[in-house]
Amino acid sequence: MSNPAALAVCQSGFEGLLVRELPLLGLAAAESGPGWAMVDGPAAALRQSAFTHWFLEAPVSFAGERVNALAQSIFDFFAASLKGERIEALWPCIFAGPAELVGLGRRISSVETAFLELMKRKLGRLAKLATPVRPRLGPVRGLFVWFSNFGVLHVARAATMNGPSRMADDDAAPSRSYLKVEEAYGVMSAEPVPGQVVCDLGAAPGGWSYSAAKRGARVVAVDNGPLKGGALNNPLIDHRQDDAFGFSPGIAMVYDWLFADMIVDPHKILRFIVTPWLQGGWCRYFVVNFKFGRVDPIALLQDLRAPGGVLATRSKDVRVLHLYHDREEFTVVGRCVQ
Numbered sequence: 001m002s003n004p005a006a007l008a009v010c011q012s013g014f015e016g017l018l019v020r021e022l023p024l025l026g027l028a029a030a031e032s033g034p035g036w037a038m039v040d041g042p043a044a045a046l047r048q049s050a051f052t053h054w055f056l057e058a059p060v061s062f063a064g065e066r067v068n069a070l071a072q073s074i075f076d077f078f079a080a081s082l083k084g085e086r087i088e089a090l091w092p093c094i095f096a097g098p099a100e101l102v103g104l105g106r107r108i109s110s111v112e113t114a115f116l117e118l119m120k121r122k123l124g125r126l127a128k129l130a131t132p133v134r135p136r137l138g139p140v141r142g143l144f145v146w147f148s149n150f151g152v153l154h155v156a157r158a159a160t161m162n163g164p165s166r167m168a169d170d171d172a173a174p175s176r177s178y179l180k181v182e183e184a185y186g187v188m189s190a191e192p193v194p195g196q197v198v199c200d201l202g203a204a205p206g207g208w209s210y211s212a213a214k215r216g217a218r219v220v221a222v223d224n225g226p227l228k229g230g231a232l233n234n235p236l237i238d239h240r241q242d243d244a245f246g247f248s249p250g251i252a253m254v255y256d257w258l259f260a261d262m263i264v265d266p267h268k269i270l271r272f273i274v275t276p277w278l279q280g281g282w283c284r285y286f287v288v289n290f291k292f293g294r295v296d297p298i299a300l301l302q303d304l305r306a307p308g309g310v311l312a313t314r315s316k317d318v319r320v321l322h323l324y325h326d327r328e329e330f331t332v333v334g335r336c337v338q
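Heads up: the sequence shown at position 37 corresponds to 37 in the working numbering, and the numbers run straight through without jumps.
One or more hints might be untrue.
[To be verified] Below, simulated PhoX-like cross-link-like pairs (lysine-lysine); rule was C-alpha separation at most 20 Å, straight line:
id, residue 1, residue 2
1, LYS83, LYS128
2, LYS228, LYS214
3, LYS291, LYS268
4, LYS120, LYS83
5, LYS83, LYS122
[Claimed, not checked] Here are the simulated distance ranges between beta carbons:
id, residue 1, residue 2, range
6, ASP169, ASP242, 26 to 36 Å
7, ALA69, GLY13, 27 to 37 Å
8, GLN48, GLN279, 20 to 30 Å
These aren't lab readings, by the way, just hints derived from the structure by calculation.
None of these values were measured; they are calculated from a predicted model.
We put the CB at the ideal spot given by N, CA and C, even for glycine.
Full structure from sequences and hints, please.
Right under this line is the structure:
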């Protein structure tokens, strides 16, 4: 099999949108399947991809039906790649594939077990340093194995993590949306802290407000709807029953964080919330969701990334992502240019 520049992993069901996004980054899809796409072009460009959760760099493909034969192929690849390299710390050993293929999980587990047995027998010291924990963000070296089906797998020593990751739920969180903002903090390498003030527009039922308050930040939660769960009657949350689109921080007020997660047209969010808040310098950090269920996601992506747009000119460290916990939406994070 030919070896592409990268194998990009996305949320299953969104691989078609990933394939459509690739040309915007100067890339092309050679092949795709549930939750993945083989990519031709400069792999580093995938660091800017909205739909790519993580990607294997320069993967090598192996095919076969027998578990032990596949495990041996992976071991031989790994052993050969160690020439001149000394590993002294924990290294990620990741085996994964599309959850939608019924029974594939058992197949992956069997090959992984057989591979680790080979490691213990032949490279015992390195086997003890292997960890199945996938890093959260940035480039990393280890062993990464992706099964595109039962008989084909792709192996790489290098991978890059774009940040999306499954988060632990909280029984006190008022809604599932809580998980999205928790995930966003990891992408930003920043989160609300005590002494900071957050403005949460369209807050109800309060998942994002609760997330900030549990970290000790004060929150102004703006929504005509009621707060629930851990956000209800929380002493750190000031619930203002008002229209999020009519709210402004007032003269000389700068919030540390702007949150916005509303089920409205994404262009309305961009025009009437993001634009005035960034142009006015009313916040330092922002986490904003844009629903794309009723618009063309790729066209929206182009609008958000427009070179002369407000995100390009009035913010820095901006990322547009389709997170693990996102559905038909983008989460946009960044810092406002003061």
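So, going through the hints one by one against the coordinates:
1. Annotation: proposed proximity of LYS83 to LYS128 holds, straight-line Cα distance about 19 Å (limit 20 Å).
2. A hinted pair counts as satisfied when its Cα atoms are at most 20 Å apart, and LYS228 with LYS214 qualifies at roughly 14 Å.
3. Of the supplied pair hints, the one linking LYS291 and LYS268 holds, its CA atoms being roughly 11 Å apart against a limit of 20 Å.
4. For the given pair, LYS120 sits about 19 Å from LYS83 by alpha-carbon distance, which is consistent with the 20 Å threshold.
5. Of the pairs offered as hints, the one joining LYS83 and LYS122 holds, with about 15 Å between alpha carbons and a cut-off of 20 Å not exceeded.
6. At about 29 Å, the CB distance of ASP169 to ASP242 agrees with the hint of 26 to 36 Å.
7. For the pair ALA69 and GLY13, the supplied restraint of 27 to 37 Å holds, since their beta-carbon distance comes to about 32 Å.
8. A beta carbon spacing of about 24 Å between GLN48 and GLN279 agrees with the range 20 to 30 Å that was offered as a hint.
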